[in-house]
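Make the full structure from the sequences, and use the hints.
For the protein sequence lines, the chains are A and B, in the order given. Residues are numbered in the numbering used here as their position in the first sequence, beginning at 1, plus a constant of 149. Residues are numbered in the numbering used here as their position in the second sequence, beginning at 1, plus a constant of 497.
Since the hints were made in silico from the structure, they are not lab data. As the structure is a prediction and not an experimental result, all values here were calculated from the model. For every residue, glycine included, the Cβ atom is placed at its ideal position computed from N, Cα and C. Treat the hints with care, as some may be off.
As the list claims (entries may be wrong) - Covered by chain B, according to a simulated footprint, are these stretches of chain A (three or more residues, beta-carbon under 8 Å):
| id | region |
| --- | --- |
| 1 | 218–226 |
| 2 | 236–248 |
To be verified - Lysine-lysine pairs mimicking DSSO-like chemistry, simulated, CA-CA at most 30 Å apart:
| id | chain 1 | residue 1 | chain 2 | residue 2 |
| --- | --- | --- | --- | --- |
| 3 | B | K600 | A | K454 |
| 4 | B | K613 | A | K445 |
| 5 | B | K600 | B | K613 |
| 6 | B | K600 | A | K445 |
| 7 | A | K365 | A | K353 |
As the list claims (entries may be wrong) - Non-contacting residues of chain A with respect to chain B, defined by C-beta distances greater than 12 Å in every case (computed):
| id | residue |
| --- | --- |
| 8 | A300 |
| 9 | K353 |
| 10 | G362 |
| 11 | A369 |
| 12 | T386 |
| 13 | E390 |
| 14 | T397 |
| 15 | K454 |
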Amino acid sequence: MDLLTNPIVLYLVIALGAVGVCMALPRRGVSPQLVGGIIAAVAGGLIVLVLSLRAARQGGPDAAPNLFFYVFAAVALGAALRVITHPRPVYAALYFILTVLASAGLFLLLSAEFMAFALIIIYAGAIIITYLFVIMLATQAPEAGKEHLLAEYDTVSREPIAATTAGFVVLGVLTAMLLGGGAQLPPAPAADPSQTRLAQLPRKIEQSLRDAGCLKGGGALARSSLGDPVINWSDRTVQIEGPDGSRTWAPMPDGLELSNVEGLGFSLLEDHPGSIEIAGVILLMAMLGAVVLSRKQVEHDEELKRRRAHQLADAGGAVR
Amino acid sequence: MSDALTLAQQGWPAAFPAVTLAHYLFVSAAMFTVGLIGFLTRRNLIIMFLCTELMFQAAGIALVAFGRYHLDFSGQTFVIFILTVAAAEAAMALALVVLLFRKRETLSADEWTEMKG
Numbered sequence: 150m151d152l153l154t155n156p157i158v159l160y161l162v163i164a165l166g167a168v169g170v171c172m173a174l175p176r177r178g179v180s181p182q183l184v185g186g187i188i189a190a191v192a193g194g195l196i197v198l199v200l201s202l203r204a205a206r207q208g209g210p211d212a213a214p215n216l217f218f219y220v221f222a223a224v225a226l227g228a229a230l231r232v233i234t235h236p237r238p239v240y241a242a243l244y245f246i247l248t249v250l251a252s253a254g255l256f257l258l259l260s261a262e263f264m265a266f267a268l269i270i271i272y273a274g275a276i277i278i279t280y281l282f283v284i285m286l287a288t289q290a291p292e293a294g295k296e297h298l299l300a301e302y303d304t305v306s307r308e309p310i311a312a313t314t315a316g317f318v319v320l321g322v323l324t325a326m327l328l329g330g331g332a333q334l335p336p337a338p339a340a341d342p343s344q345t346r347l348a349q350l351p352r353k354i355e356q357s358l359r360d361a362g363c364l365k366g367g368g369a370l371a372r373s374s375l376g377d378p379v380i381n382w383s384d385r386t387v388q389i390e391g392p393d394g395s396r397t398w399a400p401m402p403d404g405l406e407l408s409n410v411e412g413l414g415f416s417l418l419e420d421h422p423g424s425i426e427i428a429g430v431i432l433l434m435a436m437l438g439a440v441v442l443s444r445k446q447v448e449h450d451e452e453l454k455r456r457r458a459h460q461l462a463d464a465g466g467a468v469r
Numbered sequence: 498m499s500d501a502l503t504l505a506q507q508g509w510p511a512a513f514p515a516v517t518l519a520h521y522l523f524v525s526a527a528m529f530t531v532g533l534i535g536f537l538t539r540r541n542l543i544i545m546f547l548c549t550e551l552m553f554q555a556a557g558i559a560l561v562a563f564g565r566y567h568l569d570f571s572g573q574t575f576v577i578f579i580l581t582v583a584a585a586e587a588a589m590a591l592a593l594v595v596l597l598f599r600k601r602e603t604l605s606a607d608e609w610t611e612m613k614g
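Pasting the structure below:
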């Protein structure tokens, strides 16, 4: 077990992955893509195994991520490798959609449901479809009899060995930092710090109290003079008002949490309100820029046009 | 075992151990590396832009994983801005690619080496 978590072994495994990716890149002649893909997959699996062994040693059996993590990670990385190795651009874009779907699965595991579905809708549904349209619009017409041949720039990659070395040096540094610097991370907070934002959602608290059976016979959530609910965060109790106006403390029901969408909404609109405006301006400028750039140039040379019209008229007269 | 197989909201809002965070960060780093290698090696302009999208995607995974570790929603908020920038970049870059394709009838990046000045 100690052998696998040794840094030298880790760098050797990363170098093995580099060899696999380098073999999988398209090149002139026969390229051993399948063999390269298998070698890269074995290397990636070994690194994840090292991480899992470390997790089992440091954090006990519950520290490792669940089974779906391995499935989604394998699909995401395999499809990403296929994006950069497939010689046909349309298939590369379709494999990118597979990467997006697997990343959305990883987001679900990280309890980011809104982002998972936003990713599928925006990336897979809008951005990649735009890419597919442009790939289909901007493809050269094949010469007669050579329809099965691909363009040379798609089948031969540029400097595969140098690029793979550069990329995997980056990966080696990042992975070494993951293994060595993880202990320097500040510890994860024990409870959700955004809990206090629940106080801004009195109707949600009231509904959950009613569902838990704490509000019987016309009781309601007690409000302060400003209209906020009265909450004691240290022992998680909330004040409720009976039908006769008497105020009592009731424990907050279990499972009363900010949901993902509520928390994201608070973060977006309370913590980063200026960024939304900037994002809107960026999208507007991109839209204008795209329209201006891809507009067809319609201003013709007037003199040339008149001469062409004369030529056509002369040719028509000659035939008649 | 059924507990281990719940898909979303697993353990939320309890803490997220650093050793689990490392798994997600490795996937993010590997996907970024693949995108980087693709950007350097492929010679088709559209595939090069697709590889930048791959790198955006990897950064998004890292941001969401860090946000889950710190129980903070800012990571997910930043992924929204990454999506915005990716959409803007796709629109502009593809308009440029269409413009270049109209001039030279090829998508090869090597055709435009004189643009480096």
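Now the hints, each set against the structure:
no.	hint	result
1	218–226	holds (count 4)
2	236–248	holds (count 5)
3	B:K600 with A:K454	21 Å, holds
4	B:K613 with A:K445	25 Å, holds
5	B:K600 with B:K613	17 Å, holds
6	B:K600 with A:K445	12 Å, holds
7	A:K365 with A:K353	17 Å, holds
8	A300	7 Å, violated
9	K353	16 Å, holds
10	G362	24 Å, holds
11	A369	27 Å, holds
12	T386	19 Å, holds
13	E390	28 Å, holds
14	T397	27 Å, holds
15	K454	20 Å, holds
In summary, the structure is inconsistent with hint 8 from the numbered list given earlier, while agreeing with all the others.
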